[in-house]
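So the sequence lines, in the order shown, correspond to chains A and B.
With my numbering, the residue at position 315 of the first sequence is 1051, and numbering never jumps.
With my numbering, the residue at position 230 of the second sequence is 232, and numbering never jumps.
The set of hints was computed from the structure by calculation and includes no laboratory data.
Check before you lean on any hint, since a few could be wrong.
[Said to hold, decoys possible] When the alpha-carbon atoms are kept at most 25 Å apart in a straight line, the in silico DSS-like pairs for lysine-lysine are as follows: (1) A:K994 to B:K92; (2) B:K245 to A:K913; (3) A:K913 to B:K267; (4) A:K913 to B:K246; (5) A:K913 to B:K413; (6) A:K913 to B:K198; (7) B:K202 to A:K913; (8) B:K251 to A:K913.
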Amino acid sequence: MKSTTASQAAPTDLATTGTARVRKEPRPDGRGPRRGIRRQLPTSPWLFAAPGLAIVGIFILYPFLSTLNNAFTDKRTLIEGDYVGFANFQELWHDEMFWIGLRNSTLYVLGVVPALVILPLLLAMLVQKHIPGITFFRSAFYTPVVASIVVVGLIWVWMLDERGLVNALLEAVGVGKAGFLSDQWLLLLSAMTVTVWKGLGYYMIIYLAALANVPRELHEAAAVDGAGAVRRFFSVTVPAVRSTMVLVAALSSVAAFKVFSEVYLMAGPTGGPAGEDTTLVMLVQRVGTGLTGRVGYASAISVVVFVVTVALMLLVLRADRKEDA
Amino acid sequence: MRISRNPRRAVAAGAVLAVLLPLSACGDGDDGGGSTDASGKVEGEITFQTWNLKANFKSYFEGVVDGFEKKYPGTKVRWIDQPGEGYADKISADAAAGTLPDVVNVSPDLVAPLAKAGLALDLDKSASKYEKEYLPGAWKSHQIPGMDGTYAFPWYLNTGPLFYNKRLFKDAGLDENKPPTTYDELFDDALELADKSDGKVATLANVPTIEDFGRYGVPLMNKEGTGFTFNDAKGVELLAKYKKLYDAKALDGQALTATPESTGKKFLTEAVAMNPGSALDLEKFKKDAPRLYKNIGITPQISSTGKDNMYVMGVMVNTKTKQTPAAVAFAHYVTDAQRQMEFAKKVAIFPSTEGSLDDPYFTEQDGKDETRVRVAAAKSIKTAVNYTPVLFSEQMKVELRNSVAKALQGKQSPKEALDNAVKNCDRLLQQS
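Bound-form chain A, shown alone (with noise of 0.2 Å):
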């Protein structure tokens, strides 16, 4: 009788611990705990997860290491290469390429964050109404989301091209034709332009499920003491939302950062004119690929890119933290 409450207690403490510990229960013979079923009760819950671990393993963490390592290597694509400390890193001091690949990530983390953040908010405002044929508005505001964005790419590139829509438009009513393909500032904010024009319908749906969770009393109570809509939008969707805002903030400067497609579809593969557009991640695909690749060096890149990024993110948060406290 003993021993029946002594083994019906242990499920009961582990499962007010929470943790997988194993009791070590006496036997009735006296010959001390007993090991066999009870010590594999922790193994099942890894045995499931070790399909996932496998595949974050071999696709995320093998590489994360394998680039860490060969970040301090001089490895190229056909040569295994040596253990060459921080020269990589001092190589990239002195790489003007690298500068201008970190200017262009970072101004466009600055352009395009801050219209990702608040365009997407105002359009889910905006569709957020139930009234006949929303649907289809919706839909249409996402469509640029699935689409694929090589034809995204060209077709932007179409129209900007100097004898394409735009320039046709901009001919006819006087203003005269603009470089949205040549011009070094004017490509970046092009390709800016289609990042946030494709964004827009994701982060929109994101809104709108945030959205959906501000309680209309607020609203209500808002518009009885008398303010206006601009009143309501700061001082109750705003902050129902800012968390929703904090999210589309960490998200999308991540991926403003680690821009490549729609830089490298418009500005073409030397990055604009002299180079002068290429980004960060552009830079890791042009030296660190083909046959002479510089894969060491390319590494070396792909890590400050990580950093950076691991940055923006601990900034983002630390900032909502603040408006929290």
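Starting from the structure of chain A, add chain B where the hints point.
Using the frame of chain A, we list chain B on its own:
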């Protein structure tokens, strides 16, 4: 406590092993490889990789494979075709993983790093008996400066004329039947065309590439293959002339970011007056731009050296193949005179085998434009040169292009820009 931790450790260790064991198989792909002796019996299974040829020439290559397997019973050829986009990346991934096919379609600039890494078979050692079957220049095209040996069979060659738009020439008051034949004439005509069209029609759509420097007579590399020399006075002169064209809008405004595809499109839409091409393009003009086709003018490449530029394709044998005799025999079979001639009749390319260019197909006119282009190109290819140095990698091409763009934008002088390009290319050469 210890009881519960041990199994965790065991599971964790198992998970780590599960992750690392498969990865340990990745290694450097050095599985011992095969022999460099190609004199044994031709047998066994080999893989053959081509570069974007399946879409249009599937039946031809299936016929080649069937023919080889019949000629050498006991052999089997598995044909793999890779898309043109990212082909070098695909080869590098295969080479790094040790899964490079036995016989690979390559260009000279792809052969160079593979040969340096010991992955391309030296044909001077293993298949020198075939050398006399090929044009001497073509055989040499896969030799690497600083290394002894020849690392791929020459396959097809390509060159082409310069197309020009007669209507645009005429509208600018130029004689549409007298296209430029020298660089001076080209630059003069281009400036006049831009002037007469108020900068709306450019003559050229691309910045000068390494082969343009070569054609202009600029020495590209030292004889030892240890450094580039295209920043000499002649190179600076060419770049200064292009700068003048760019400022006058005789060079297209988007030339700094142009690709061969985009420049082709500009010519199709009659935004630029001249563009290099091949006999293949005539069909495209006829189908996609009939108005342009009506006004198309064809003139030889402009060259100060008297030699046109040509592009060379090759077929290399992987040193790691386990079937060296079969791989060498197949690489030779694909590139021999009979197969090259058959292939040339299917597509506008030129064989690299001795005597093939004397075939009436390449010498006799039949009144068609395509034939006129083919006969002219075949004549020029006998003396043509592959101006792109085999050691000039993709990264180097970008360096040159960016430096040229800086000079054209006026951010650097032509001399300064080319000095920087040479310095950066030399650095990449040392690191390769």
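Checked hints:
1. A:K994 to B:K92: Roughly 23 Å between the alpha carbons, so the hint for A:K994 and B:K92 holds.
2. B:K245 to A:K913: Holds. B:K245 to A:K913 sits at ~21 Å (cutoff 25 Å).
3. A:K913 to B:K267: Satisfied, since the Cα-Cα distance of roughly 19 Å is no more than 25 Å.
4. A:K913 to B:K246: Judged against 25 Å, a Cα distance of about 21 Å means the pair holds.
5. A:K913 to B:K413: holds, 23 Å
6. A:K913 to B:K198: The given pair, whose Cα atoms are some 19 Å apart, holds under the 25 Å limit.
7. B:K202 to A:K913: holds, 11 Å
8. B:K251 to A:K913: holds, 14 Å
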